[in-house]
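Residue numbers (this note's numbering), protein chains in the order written: chain A, 1 to 286; chain B, 1001 to 1988.
Derived by calculation from the structure, the hints in this document are not laboratory data.
In silico DSS-like pairs for lysine-lysine, Cα to Cα no more than 25 Å straight-line: (1) A:K5 x A:K28; (2) A:K5 x B:K1331; (3) B:K1334 x A:K5; (4) B:K1667 x A:K286; (5) A:K233 x B:K1667.
Only a predicted model underlies this, so the values are computations on that prediction, with no experimental measurement involved.
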Amino acid sequence: MYPPKFDYYRASSVAEAVSLLGAHPGAKVLAGGHSLIPAMNLRLADPGVLIDIGRIDELRGISALPGGGFRIGALTTHAMVAGASELPAVLTEAASMIGDPQVRNRGTVGGNVSHADPASDLPTVFMALGATFHITGPGGSRSVAATDFFVDLFTTALQDGEILTAIEVPALPAHTGSGYAKLFNPASRYAMVSAAAVVTVSGNRCEAVSVAVGGLTPKATKAVSVEAALVGKQLDEETVAAAATAVSGDLGDDILGDIHASAEYRRRMAPVFVKRALLKAIERAK
Amino acid sequence: MEITLNINGRSQTISAHPTDTLLTALRHAGYYSVRYGSDDGTTGAGAILLDGRLVNSETILVGQAIGHHIETVEGLTTQVGELHPIQKAFIETGAIQSGYSTPAMILAAKALLDQNPNPTEAEVRDALSGILCRETGYVKPVQAVLRAAAYLRGEDVPPYEGPEIVDATYIGDLPSSPDDKISGPETHVTDTPATHTKPKTDVLLTSSIPETRVVGKPETKVDAVKLAKGNPAFVDDIELRGMLHAKLLTSPHAHARILDIDDSEALALPGVHAVIHYKNISRVKYASGGQSYPNPLPHDQVSFDNKVRYVGDRVAAVAAETPEIAEEALKRIKVTYEVLPAVFDENEAIKPGAPVIHDEDDTEGIHDAQRNIVHHIHAEVGSVEQGFQEADYVFEHTYYVHQVQQAPIEPHIAISWWDSDERLVIRTSTQVPFHVRRMVAPLLGLPVKRIRVIKPRIGGGFGVKQEMLIEDIVGHLTIKTGRPVRLELTRSEEFRSSRTRHPQTITFKTGVMKDGTLHSMEMRVVGNTGAYGTHGLTVQTVTGLRGLSSYNCKHRKFDCLVVYTNLPVPGAYRGYGGPQALFALECHMDEIAHALGMDPIVFRRKNWVQAGDPMPIAPLLGEGEKETVQFVPVIQSCGLNECFEQGMKAIGWERKYEPGWHEVPGKPHVRRGLGAAMCMHGTAIPGLDMGGASIKMNDDGSFNVLVGATDLGTGADTVLGQIAAEVLGVPLADIVMYSSDTDMTPFDTGAYASSTTYISGTAVKKAAEQVADQIRERAALMLGLERWHDIRLENRHAIAPDGRSVSLEAIALHSLHQDQQRQIMATASFVSMDSPPPFAGQFAEVEVDTETGQVTVTKLVMAVDAGVPINPITASGQVEGGMTQALGYAHCEEMAYDESGNLINDQFGPYHIYRADEMPWMKAILVQTNEPTGPFGAKAIAEIPKDGVAPAVANAIFDATGVRIRRIPFTPQRVYRALQAAKEGEAH
Ligand SMILES: Cc1cc2nc3c(=O)[nH]c(=O)nc-3n(C[C@H](O)[C@H](O)[C@H](O)COP(=O)(O)OP(=O)(O)OC[C@H]3O[C@@H](n4cnc5c(N)ncnc54)[C@H](O)[C@@H]3O)c2cc1C
Ligand code: FES
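Build the full structure now, drawing on both the sequences and the hints.
Below you can see the structure in the form of structure tokens.
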């Protein structure tokens, strides 16, 4: 098949992209195109204008920040992230579980989070990592925290005419491990239930913990009840499992379901995958 | 507009638009190795390399590719005859079946090996994981990539050896049950039922298999090179001047009457050439299933009806200058529907008050249209009621099997045009070119002689192309417009509007004696044939035959309703009713064994058939109502004992009895289990399937073999070529195969019912024997000999008993040019009254995650007795690929609908077929018996691998967890619920 008719512009800088977006209200940014073009081919999307940002090289790549942490350009592909061993394990692990090689070779981190598909892997991870999102628009540049960036199903803090330029993840403290676990859609590999965990241990005690869940909720969600139940506790398997069950309190009422996994089943799976992500993180922290 | 792209190292200006997908642009520019499989990047058939990385061309725009380096398989070799080491390895290992996905796989391999010259198997599987293959089970492609890596590292690579073949030594019993007896023909029954013995030395099984030179050898496929190179070989790989593009308008309603169609706005659109629908296409009744004349009743379809019976049913079709215009035209067709209530479940459809799906008055042969019952099939041998009374125990269980799709990577596609003689040519992806020609003729109002059907290479069929599915549409449109017309189904249309497997509700009721002897078996089936009958009668008949033939049993009864519903139409799908029957049967057998406290294999072996046993229900369940089988067939070759012995060894069956084995160390939530199933299938439809072959000799002593048999990726052309080469004393390289073209090749019923090797193979053998005799006569003439009968053909020579010889080339030249000239050629055909069953033992090992319900199938072993494998590589490829499809059936594939009958998972995104990186460890073992009725001892192998995986997995889940699940597929949430229910049950 073929996409419906549209106008195509290619931007060679962020400024040009922003001005093209301004000139074409309703236009969509085209990054890797691996959410957008399938949707167009299947007639699920019909944007009249596409602004291709794929040539803006400054948006591509991973760099270490002087104060610790990393800056990941919006156009960095999943494959590049998966291969960047300097990044936290939770991120490389999640990126390597996305789709298949072709999707990882084309799909971009920026496109993944901007699309804010509830089944995507990376929003959950960035939520757990406490990432910062850098945005440029007609009014200049601004930064948004992960908790504010993801607003709802397919909805982010990005306003009309804005593009996401980079995501920053903070450096992880010593004795910290991170892990990702997902119940994947058997066909597409998208997440039906996902959990990302970052745990700092001291002895066998949980010093600090950050957990996020996704897949089953309309947007990536912080599992604050799990964090509260775990911080300061001894990290044996029973305690972790018990803390993981607290996730039920974080999920809200709007649980997604489909032919592969009903809402009820996903709800029951949430503690299982939270536990698995936590155990991985703890293992890696040691 | 003109766009410059860098393709295969050359800067090339092509005509495209930046907003085209790269797939469209590359195919227009002649890069036919880049193929359509999906719109969302899920099949990977359109994968290419962009700057050395594997990407999907259907989800990249031309604009995004400008300035980047594009590679396709066409760039790997420029010379005719030259091969890249990766292509060589794919050819040698038999990694190519249909070859539709092969170019993409080769590129995936190249991307990997360019980066990583020494990959692990896991890395290879990951690299291939984005390219779906429906045929190979990825076993041989993975071997190919590892082999290519060795070539590229410059290592000495030993010749590829085919799979191991085990001779079935005729051992009466497996060691574990010394007192078991082999039951004999029931016709010999005198006193106690079904425990009669017959001599253990059955002559039919002492398989002394004669020495052969080409047959039985791991020859590479005759079409492998062109497929590895991505040469234009498929239906879509041609472009005709003035070709129009067709698009289908399908029904959004599951059940509705069409009150009116207004096509005026569509026709007014510039570029639209025709719109066809019920108002302008004559109403000719037919049944679309590709079957022998006369097609079984009811003939409940017409090209375009004024009623739609499922979401996806045909409403209208358009032919226009471009696909875009055709699509726009569809939107402008105004259809007025009267929406009717719909019913989807087979058990609901027969209840009083259910909507009547076929209320038209011109369909004959519906058993009870008011109750949506298309057929009532009934067969009984003995008296099951009496049998239940006599039995010590009676067991009854009900099983549910669901709807799945054949899902070939190449969807249906057909192109038609008028040739210079004003005959209609239809180039189509079909398994049944001759049936298509005969069936489409009355719909188009043309005599058969004015139609030519060409089947080029096919990108997989598995039964979905055993239909006359879209050929009438392109035909009508070519007739209306005078122009060539192309119609390709999109992936969504392939899912919604082609064919599927029949869902069924199956109940087995079985009476057993205390010692475990089966005494009385009743099988009740309600089969769901969706909106139309097509294969409804025959598939369900086979369900009965398969369900009631594997085990000896005095009383047997089959009672079946075939029911209309408003679901997309089930048709033929590899296995043809067998997988449904065997899921129920082989679970039921396990359940009975468990209840009796017997080992499930010992219990089966006590009852399963052996050589010499009859199949008493077969005459009652011939092909549909035709009762083609007049007599009780007797099994003449059976390697079941050996199959089980080999399979049990390969899977490590004895571990099941080791204490603690079911637990997985370090993973308290995981349980392991082993399961088995016995499989028996058929080989061709007796008395019905017919194949023809013509062989002619060329100047250089080579031969053209023309067959109507349709290779759809299975390797049929290769196997048939091997048979010819064997008889004619030449290497396979001297055989030029051609299949199939209704103008050029003799008739063949087509590729279905596992018939090609057996039926068409015998036809080739007969034709080759006649040609061989003509060669001998000619050799005798040239050598001045009186007698020609004892001249041998060997090594491209005819060799007289006195040692003198003459080359086949000399014979050909002599015969064509020099003396008493004649064309050495012959045509033969074959039909069989036998349908010798292949047998198999299927084994599965699973791990069940009890926290999530996720089942991981870790090992699959199938040991198959398919007689003598003519080509062990293609035979094992059939087993590996068949098991993989069967695994999807058991585990994850399922067509899912919303409450209005709209298919939800009409893409490979949500419809899951197995990929390279999630495959279990798989082993195919070929157990060789010598089938006396088959060519060189061969039986069928294509379908039996579909039969045993679902029950073996079910039985393994039971072994792991103690929970019996009687409904497939074993999705995480279904298994989770079953485990929870069992837990709650225990708690009560
Ligand atoms: C077969 C298949 C399987 C997949 N499996 C998974 C999976 O398992 N897990 C997973 O997480 N994802 C999966 N994906 C999605 C994949 O990761 C996508 O590539 C990704 O979600 C979108 O990235 P993109 O660069 O392709 O974005 P595009 O498709 O180019 O864009 C997506 C959306 O984001 C907007 N956008 C893109 N970039 C920016 C930007 N810089 N600023 C503002 N807006 C922007 C676009 O306008 C568009 O609305 C799969 C995709 C496919 C086709
Ligand atoms: S060989 Fe893989 S799809 Fe045909």
